[in-house]
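As a plain string of letters, each chain reads:
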Amino acid sequence: MKKKYSIFALIKNSLSYHENWQRAWRDPEPKSQYDAVIIGGGGHGLATAYYLAKEHNLKNIAVLEKGWIGGGNTGRNTTIIRSNYLWDASAGLYDHALKIWENLSQELNYNIMFSQRGVMNLAHNQHDVRELKRRTHANRLNGIDCEWLNVQQVKKFCPIINCSPNIRYPVMGSTLQRRAGTARHDAVAWGYARGADSMGVDIIQNCEVKGIKRNGDSIEGIETTKGFIKTKKVGVVAAGHSSVIANMAGLRLPLESKPLQALVSEPIKPIIDTVVMSNAVHAYVSQSDKGELVIGAGTDSYISYTQKGTHEIVEGTLKAILELYPIFSRLRMLRQWGGVVDICPDASPLISKTSIKGLYFNCGWGTGGFKATPGSGHLFAHTIAKDEPHALNAAFNINRFVSGDLVDEHGAAAVAH
Amino acid sequence: MFIIKCPYCGERDHSEFSYGGEAHLVRPKQPTELSDDQWAEYLFMRKNIKGLQYERWNHSHGCRRWFNMARDTSNDKIHSVYKIGEKANK
Ligand SMILES: Cc1cc2nc3c(=O)[nH]c(=O)nc-3n(C[C@H](O)[C@H](O)[C@H](O)COP(=O)(O)OP(=O)(O)OC[C@H]3O[C@@H](n4cnc5c(N)ncnc54)[C@H](O)[C@@H]3O)c2cc1C
Ligand SMILES: [Zn+2]
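The listed protein sequences derive, respectively, from chains Z and X. Residue numbering for the first sequence follows my numbering, starting at 19 and increasing by one per position. Residue numbering for the second sequence follows my numbering, starting at 11 and increasing by one per position.
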């Protein structure tokens, strides 16, 4: 049993100089057989294992991670959480997640630092204004909080934004979702890992999946760098590497993997207490608790698994940032990095069964899946345990590319992250 | 990042070029006879290879011509460029 984290635990452990804290999760060797195996120890994979154990009573399960948990996009993203998506199916999916975020620290007994500081989406031209107003209405019809701010209200809510009409892409208004915000990415992975581990889930790091063994149309097990593991159910949650794993099972997916970058500045005093996104100029910014500005950019156009992007992308983003926030002009940037994001043609995810019995995919989250982590894990666990989708992820099946029933968030919601 | 050698103009910075996706995808000859599954395969399903990939590029800020490239997507190393209609030489 895990010891509870609390103020008393903190005091007690301070007496022994914090040297005797219990391990947050074990470091087991893989067993030869599991009831289900999750490939990928990012937030989504760990959340899936957590809900499989908690809500579906599956305890003999493992999460296999080729590196360290949370070292993929979970630990590389800019942590924006919101649910103001246009279409009903997406609104249902992302708001399901947002509702879980609201109590997640308590549920996991782990401080994930969820901060509902609001997210703004700026409009810079007439088309943006129309689209974002439409989205505001659509959100409200779906019971999601969303407000439209005119330019004066934008200036009032976030004074450092340059609202001059004379800049190249003037600000013409903004949406605001007050329930939206940020969370600490690592803590989400660690909190779910600790929770899953305490229910008996084996979290196995440094274990790369190399092959999937099929017997006709069903799964027999998987080849890993730590040997063969027998299992009948495999849930793949490998983000940018989903196609690589699909290929091992002889499948193709509607995905392209591309580099996406972010960067942080040197830490400064609190200056921006919300998240501001701007899709037209492709730049967004928030401030971490350490004081760094967290700045996100766009993807490169070509497929690459290198986890680095090109300099032009960063340059373009910083130009936009400087025009919108002249006050940042003398800040120095500290770090820059990239992740490999898996993008579906309609910019919506897959949480789906496949043509192979017992093989499930949760991928295609592309540039914006961190916000969905708890909901995605919850719904994917349901899909794996019941062998059928939950009502909230039924629309996100792979057959939508055959039927044409796409959930087109690309053009519709000005969706970035 | 990387320098691309346009088969018509020679070496240029990659920012002059646009990516055109997986190469050698052939549009089905009898589109009216295709099932929905076959359309989905052609339109949406991709190899999304980690490793050597054959892909199309356009020299959009140069001669504006299309050509093909063999590139390793795991390290962005370009193995060869070749004209449309030519075969890739590895
Ligand atoms: C720069 C950047 C900024 C972003 N900003 C945001 C944002 O602000 N808001 C938002 O909502 N989303 C954002 N995203 C997207 C978000 O990070 C992802 O959608 C989300 O984290 C995906 O989580 P995951 O658990 O599915 O993937 P990951 O965390 O990538 O986990 C997948 C894991 O699978 C492992 N794996 C792969 N292959 C194998 C194998 N063969 N065997 C074993 N393990 C394997 C990997 O090592 C990895 O740890 C951003 C992404 C990036 C890169
Ligand atoms: Zn040229």
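Read the hints as simulated data drawn from the structure, not as lab findings. Treat the hints with care, since some could be wrong.
To be verified - Computed beta-carbon distance windows for the label pairs:
{"id": "1", "chain 1": "Z", "residue 1": "Q223", "chain 2": "X", "residue 2": "I13", "range": "47 to 57 Å"}
{"id": "2", "chain 1": "Z", "residue 1": "S236", "chain 2": "X", "residue 2": "G61", "range": "36 to 46 Å"}
{"id": "3", "chain 1": "Z", "residue 1": "E73", "chain 2": "X", "residue 2": "Y92", "range": "21 to 31 Å"}
{"id": "4", "chain 1": "X", "residue 1": "D47", "chain 2": "Z", "residue 2": "A412", "range": "13 to 23 Å"}
What the hints assert, rightly or not - Only pairs whose alpha carbons sit at most 30 Å apart, straight line, appear in this in silico DSSO-like list of lysine-lysine:
{"id": "5", "chain 1": "Z", "residue 1": "K231", "chain 2": "X", "residue 2": "K93"}
{"id": "6", "chain 1": "Z", "residue 1": "K326", "chain 2": "X", "residue 2": "K39"}
{"id": "7", "chain 1": "Z", "residue 1": "K371", "chain 2": "X", "residue 2": "K93"}
{"id": "8", "chain 1": "Z", "residue 1": "K371", "chain 2": "X", "residue 2": "K57"}
{"id": "9", "chain 1": "Z", "residue 1": "K117", "chain 2": "Z", "residue 2": "K248"}
{"id": "10", "chain 1": "Z", "residue 1": "K244", "chain 2": "X", "residue 2": "K93"}
Where a beta carbon is used, it is the ideal one built from N, C-alpha and C, also for glycine.
Taking the hints in turn, this is what the structure says about them:
| no. | hint | verdict |
| --- | --- | --- |
| 1 | Z:Q223 / X:I13: 47 to 57 Å | violated, 38 Å |
| 2 | Z:S236 / X:G61: 36 to 46 Å | violated, 28 Å |
| 3 | Z:E73 / X:Y92: 21 to 31 Å | violated, 54 Å |
| 4 | X:D47 / Z:A412: 13 to 23 Å | holds, 20 Å |
| 5 | Z:K231 / X:K93 | violated, 39 Å |
| 6 | Z:K326 / X:K39 | violated, 39 Å |
| 7 | Z:K371 / X:K93 | violated, 40 Å |
| 8 | Z:K371 / X:K57 | holds, 19 Å |
| 9 | Z:K117 / Z:K248 | violated, 36 Å |
| 10 | Z:K244 / X:K93 | violated, 44 Å |
Of the numbered hints given earlier, the model fails hints 1, 2, 3, 5, 6, 7, 9 and 10; all others are met.
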